[in-house]
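Asker: Letter by letter, the chains look like this.
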Amino acid sequence: MISVSILTGFLGSGKTTMLGHLLREPEFSRTAVIINEFGEIGLDHELVEASDDSFIELKTGCLCCKSRADLVQTLQDLLQRRDAGSCPQFDRIVIETSGLADPAPILQTLMTDGEIARRLVLGGVVTTVDAMIGADTLGREGISQKQVAVADRIVLTKIDLAGAAEPALLRRLAELNAGAPVLIAEHGRVEPEGLFDAGLYDPRTKSLDVNSWLASDVHGPVHHDTEIKAYAIVLADPIPAVVLTLFLEALAEHCGTDLLRLKGIIHIAESPERPAVIHGVQHVFHAPAWLERWPSDERRSRIVFITRRIPRRWVEVLLDAIAWEVAQVSVPL
Amino acid sequence: MTKVPADLAYELLAQSLVAWCVAGSVQRAGNGAIVIEGCCKNIRIDPAPQDPIFRWMVTIDARKRKAISIVSVLRQVREALDPAYAASRVRVVVAPLVPS
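Same order as they appear, the protein sequences are chains E and Z.
Quick note on the numbering used here: the first sequence kicks off at 31 and runs consecutively.
Quick note on the numbering used here: the second sequence kicks off at 39 and runs consecutively.
Here chain Z stands alone, though its shape is the one from the complex:
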């Protein structure tokens, strides 16, 4: 199964630090891995080619966790880097956008 191209994942993570106003660095490592350093954390993100369900492996300070998608990767990275992060779940309202 093909993964998100490494360049796309790298740029997404680099842009994410900007969007979250988090100081840190994002660098490419070998084998498509991405390394992030910030907030006294060392994070490594590897594609998980042998797993058809969990597509990524996120290692934060030597602790490994699988991630099912790039969105899940983002959530794990932000939880590690942004102590003030509290996820807001999308709320879909009952109100019609236009009269029915």
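So that you can see chain E by itself, here it is in the shape it has in the complex:
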């Protein structure tokens, strides 16, 4: 399987600069990069120099809008060229989105095309944030908030210019996505280790790192002035499979695009030894992946929600109400 990661971040937040440095690192050899620029004439790909065994593709137009089919086509072309030996034998793909792109539809595209999904596995979402003006941007631009909210890793760029990360910015990032580790880039350079291997499946070890992927230590104060909220619910009791199904259906039905991302490890009542891992973006969900065993002694279900305007309490009460009704149906009459 080839890992495909998304590099996103608002306009001017340093995505391309960081990518340029990363592609010179040995860890980023054998990488195919798709750079997406908004507008007719792309420039960013001219600014990135790839090593001999990596290369860059350019797509103009916005991947999150009308060009989603183009993304699938581009990925299919890449895979065909790799198979035919007409391009370097990459084992990682990085998609750099335009600064105005909504990463959620791009995630959905990667999840929903069966042809590419057989060969690609999501490596995670990395979001760059400008340490100088990031707080202002987050306050002003809804798309910037969304880029941060769905991230598996956040990289603070231009820290060399800012001197230090402003506490207000760090608080805002924590409000939007407390679960994602915040990394620091100085002069565009960031520690490459593990940066793009933030998905459930770690292609380096060929194993599943559920705890890291879940980052389920989402907690702490959430201010009420932000529409986007991240929270985790922990459930001590196993969940009947039908309750989970009804719950996910209700979330999709009523949240739609406001359910930015959901990830979880679930103790299914009918499968006490093999937990289910779930992942959804808006109303699109993967079928659960069944782990061979629990990754630790922790056997409670943990579900991380990244939502816009969806109160945590609504989610909790919805699940309680469905579980209650199902339990009553299951009682012999």
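If you are wondering where the hints come from, they were derived from the structure by calculation, not from laboratory data.
Predicted model, so just to flag it, every value in this text is computed and none were measured.
Among the clues, some could well be false.
As the list claims (entries may be wrong) - Below 25 Å or equal to it, Euclidean Cα-Cα: the simulated DMTMM-like pairs (lysine to aspartate or glutamate) are:
#1 LYS104(Z) <-> GLU223(E)
#2 LYS79(Z) <-> GLU283(E)
#3 LYS102(Z) <-> ASP113(E)
#4 LYS104(Z) <-> ASP350(E)
#5 LYS104(Z) <-> ASP45(Z)
#6 LYS79(Z) <-> GLU49(Z)
#7 LYS102(Z) <-> GLU75(Z)
Got chain E sorted already, so can you dock chain Z onto it with the hints?
Answerer: Just chain Z, lined up with the frame of chain E:
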């Protein structure tokens, strides 16, 4: 057959209005019923104890409809209160979450 406890249903509906960004009020009435007012609609939700299949009765502006579950109640209430509501059905993708 026991119904969803009235407190749970009441809180779910109250929280639902918040989640849907719909203005309105949710109040308890007698016999476990819940009354919702909003968007010029008057909605009453009653447990349906005599029906083993349809667990709720939803009355919207005097028009009665049965509901099979609390999820069905939510759908009816939202359709009444939120003109912009268009249900998104969950879509399960063929892509594996992890390599098989």
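Asker: None of the hints should be skipped; say for each whether it holds.
Answerer: Each hint, compared with the structure:
1. LYS104(Z) <-> GLU223(E): It is violated: about 57 Å lies between the C-alpha atoms, which goes past 25 Å.
2. LYS79(Z) <-> GLU283(E): Measuring from Cα to Cα gives roughly 22 Å; hence the hint holds.
3. LYS102(Z) <-> ASP113(E): violated (61 Å)
4. LYS104(Z) <-> ASP350(E): holds (22 Å)
5. LYS104(Z) <-> ASP45(Z): Given pair LYS104(Z), ASP45(Z) holds - Cα atoms ~20 Å apart, limit 25 Å.
6. LYS79(Z) <-> GLU49(Z): holds (19 Å)
7. LYS102(Z) <-> GLU75(Z): holds (16 Å)
In terms of the numbered hints stated before, the structure departs from hints 1, 3, listed from lowest to highest.
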